[in-house]
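A.B. asks: Got chain A; can you put chain B on it based on the hints?
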Amino acid sequence: MPQGREHVLMTADDIRRAVHRIAHEIIERNKGVADVVLVGMRTRGVPLARRLADAILQFEGAEVPVGALDIGLYRDDLPHLGLRPALRPSDIPIDIDGKRVVLVDDVLYTGRSIRAALDALMDFGRPGQVQLAVLVDRGHRELPIRADYVGKNIPTSRREEVQVRLREVDGRDEVVIVRPPEEAEHEG
Amino acid sequence: MRDDVRELTRPAGVQEMPAWKRHHLLDLDELAPEEILLVLDTAEAMREVLSREVPRVPALRGLTAVNLFYEPSTRTRASFELAAKALGADVVNIAAEQSSVRKGESLLDTVRTIEALGAQVLVMRHWQSGAPYLAARHTRMHVVNAGDGWHAHPTQALLDIYTLHRHLGDLRGRKVVIVGDVAHSRVARSNAWGLTALGAQVVLCGPPTLLPVGLRPGEDEAAAMPSVQVEVDLDRAIEGADAVMALRLQRERMEGGLLPSLREYVRLYQVNAERLARARPGALVMHPGPINEGVEIAPEVAVSAQSVIQEQVTNGVAVRMAVLYLLTGAKA
Chain A
1 MPQGREHVLM TADDIRRAVH RIAHEIIERN KGVADVVLVG MRTRGVPLAR
51 RLADAILQFE GAEVPVGALD IGLYRDDLPH LGLRPALRPS DIPIDIDGKR
101 VVLVDDVLYT GRSIRAALDA LMDFGRPGQV QLAVLVDRGH RELPIRADYV
151 GKNIPTSRRE EVQVRLREVD GRDEVVIVRP PEEAEHEG
Chain B
1001 MRDDVRELTR PAGVQEMPAW KRHHLLDLDE LAPEEILLVL DTAEAMREVL
1051 SREVPRVPAL RGLTAVNLFY EPSTRTRASF ELAAKALGAD VVNIAAEQSS
1101 VRKGESLLDT VRTIEALGAQ VLVMRHWQSG APYLAARHTR MHVVNAGDGW
1151 HAHPTQALLD IYTLHRHLGD LRGRKVVIVG DVAHSRVARS NAWGLTALGA
1201 QVVLCGPPTL LPVGLRPGED EAAAMPSVQV EVDLDRAIEG ADAVMALRLQ
1251 RERMEGGLLP SLREYVRLYQ VNAERLARAR PGALVMHPGP INEGVEIAPE
1301 VAVSAQSVIQ EQVTNGVAVR MAVLYLLTGA KA
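Chains as they are written, first to last, in our numbering: chain A, 1 to 188; chain B, 1001 to 1332.
The shape of chain A in the complex, shown without the other chains (with noise of 0.2 Å):
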């Protein structure tokens, strides 16, 4: 198999650097927390949202519940494909009835993770407002879904791959993009 080229698109430090201004962004909105909670989506949406609960509380000390969603009960986009995605338990540790959640993912790009995550947070209560922070946004939606927070816009092609790496997870902190080898070959 060959492989993709990487390209790297946000180092440890930017990655660190958007997650500060995305809880600054998510205090000011709301005007504190008092209500917020954030919700991750598996895998890299939890440790993204454990980082937005530290930096929170470190600038506004306050508390934020991290709770964490696993959508492979709720997909569209898998099935058809003959797969089925690996499950793990949610975790929504408070009753998010009348709450404001936010929901982290790493990446948005059809929409269709989003869709599946409205649909089981909705099984877990009737949030008063939901809002979506991702760390990279990279166009191409299917859905008429937006975020509130962004880290990055990073225009993409759909042959693309963007791959967030985050350290609880992966070891270390990167998002690079991978270039299909064809691609990678012509640009020499």
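Honestly, I wouldn't trust all of these hints.
[To be verified] What follows is a list of derived Cβ distance ranges for each label pair: (1) B:G1282 <-> A:D91: 22 to 30 Å; (2) A:R159 <-> B:W1127: 52 to 60 Å; (3) B:S1227 <-> A:P155: 54 to 62 Å; (4) A:R146 <-> B:P1072: 50 to 58 Å; (5) A:G98 <-> B:R1280: 47 to 55 Å; (6) A:D95 <-> B:R1056: 12 to 20 Å; (7) B:S1227 <-> A:M122: 46 to 54 Å; (8) B:V1092 <-> A:D76: 22 to 30 Å.
[Said to hold, decoys possible] Some chain A residues close to chain B (C-beta under 10 Å, calculated; not the full set): (9) D70; (10) G72; (11) L73; (12) Y74; (13) R75; (14) A86; (15) R88; (16) S90; (17) D119; (18) A120; (19) D123.
[Unchecked claim] Covered by chain A, according to a simulated footprint, are these stretches of chain B (three or more residues, beta-carbon under 8 Å): (20) 1039-1046; (21) 1162-1174.
Source of the hints: derived by calculation from the structure; they are not laboratory data.
Just so it is clear, CB atoms sit at the ideal spot from N, CA and C, and this is done for glycine as well.
C.D. replies: The following block gives chain B in isolation, referenced to the frame of chain A:
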């Protein structure tokens, strides 16, 4: 209900679980350890779904599961029905009268009819060993063996293994004693395959007449069973055990002359407090149900803190959800 439930563990180095590729679930002898662990992991997520106020997700929406039962069953059939419904599937129950069914052709006719009606999943219990295998060869539906004759009951074994795994973690080196009518028990056979695959030490125990041919004392071990130990003395078998699983004693076994008397069976093979004291402290007590009260397990042991019998029933729904979810993702 016990509360010392541990985080699910898996062997070091296994990070990503393999994709599930099986179209049918007929017995555990065909599953690799990683596949069994994938079912356990998936069941853990299903358990979370079942803990919700409204335990229902849309993963199997639009699919139809048919429960075709040629043998009476309450808990297994209800468990499969609840599992399919919790995943958003439609469920049809067919109780086939044993007397009206002739072997071979009529079974396949029934299977083909169910397929033509548009079902994707066939959950089948049959009094004849091998019947689900026959069905699986002649249908594109996903076939789940819900118990065939004396042969196999894979989802019961998976729920037993899941329950053990939740309490004990890694099962390698753990000692599990299965006591009772082993010869006629599909539960014992499937458990023996699955537990040994995960590295547990399995000891089969019962009166010589109720041990499978080939495993009776003095006989060579038959190739049809996995590597297990056999012990006719329960007091010896239970020594240091991490779990004791008592099997249901079918009353008709006594009429067939395989047991001298019920009193003798109770005296020698009942799991009671005195015997349980020889096991490891806190050893789990299990039973696939339904229990003959005061026969296989002493009443005070069945309801003691060491008993996970009720939890087995609850876990059965989660495990069957996991099986249905994984199977329906595999292409024909």
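A.B. asks: Do the numbers back the hint for S90 (chain A), that is, is its least Cβ distance to chain B under 10 Å?
C.D. replies: holds (6 Å)
A.B. asks: Tell me if the beta carbons of D95 (chain A) and R1056 (chain B) are separated by a distance inside 12 to 20 Å.
C.D. replies: 19 Å Cβ-Cβ, so the 12 to 20 Å window holds.
A.B. asks: Are R159 (chain A) and W1127 (chain B) spaced within 52 to 60 Å by their CB atoms?
C.D. replies: holds (56 Å)
A.B. asks: Hint Y74 (chain A) vs chain B: min CB-CB distance below 10 Å?
C.D. replies: holds (6 Å)
A.B. asks: Identify whether the interface hint at R75 (chain A) stands, where standing means a beta carbon of chain B within less than 10 Å of its own.
C.D. replies: At 8 Å from the nearest chain B Cβ, R75 (chain A) passes the 10 Å test, so the hint holds.
A.B. asks: With a cut-off of 10 Å, does the beta carbon of A120 (chain A) approach a beta carbon of chain B closely enough for the hint to hold?
C.D. replies: Hint on A120 (chain A): holds, closest Cβ of chain B at ~8 Å, below 10 Å.
A.B. asks: When the nearest CB of chain B is found for G72 (chain A), is that gap smaller than 10 Å?
C.D. replies: holds (7 Å)
A.B. asks: Does the interface hint hold: is D119 (chain A) within less than 10 Å of chain B, judged Cβ to Cβ?
C.D. replies: Constraint on D119 (chain A) satisfied, holds at 7 Å.
A.B. asks: Is the interface hint for L73 (chain A) satisfied, with its Cβ closer than 10 Å to some Cβ of chain B?
C.D. replies: holds (4 Å)
A.B. asks: Do the numbers back the hint for D70 (chain A), that is, is its least Cβ distance to chain B under 10 Å?
C.D. replies: Holds, because the Cβ-Cβ distance from D70 (chain A) to chain B comes to roughly 6 Å (cut-off 10 Å).
A.B. asks: Is 50 to 58 Å respected by the C-beta to C-beta distance linking R146 (chain A) and P1072 (chain B)?
C.D. replies: Check passed, 56 Å falls within 50 to 58 Å.
A.B. asks: Quick check on a hinted range of 22 to 30 Å for V1092 (chain B) and D76 (chain A), using CB atoms only.
C.D. replies: holds (25 Å)
In summary, the structure is inconsistent with hint 21 from the numbered list given earlier, while agreeing with all the others.
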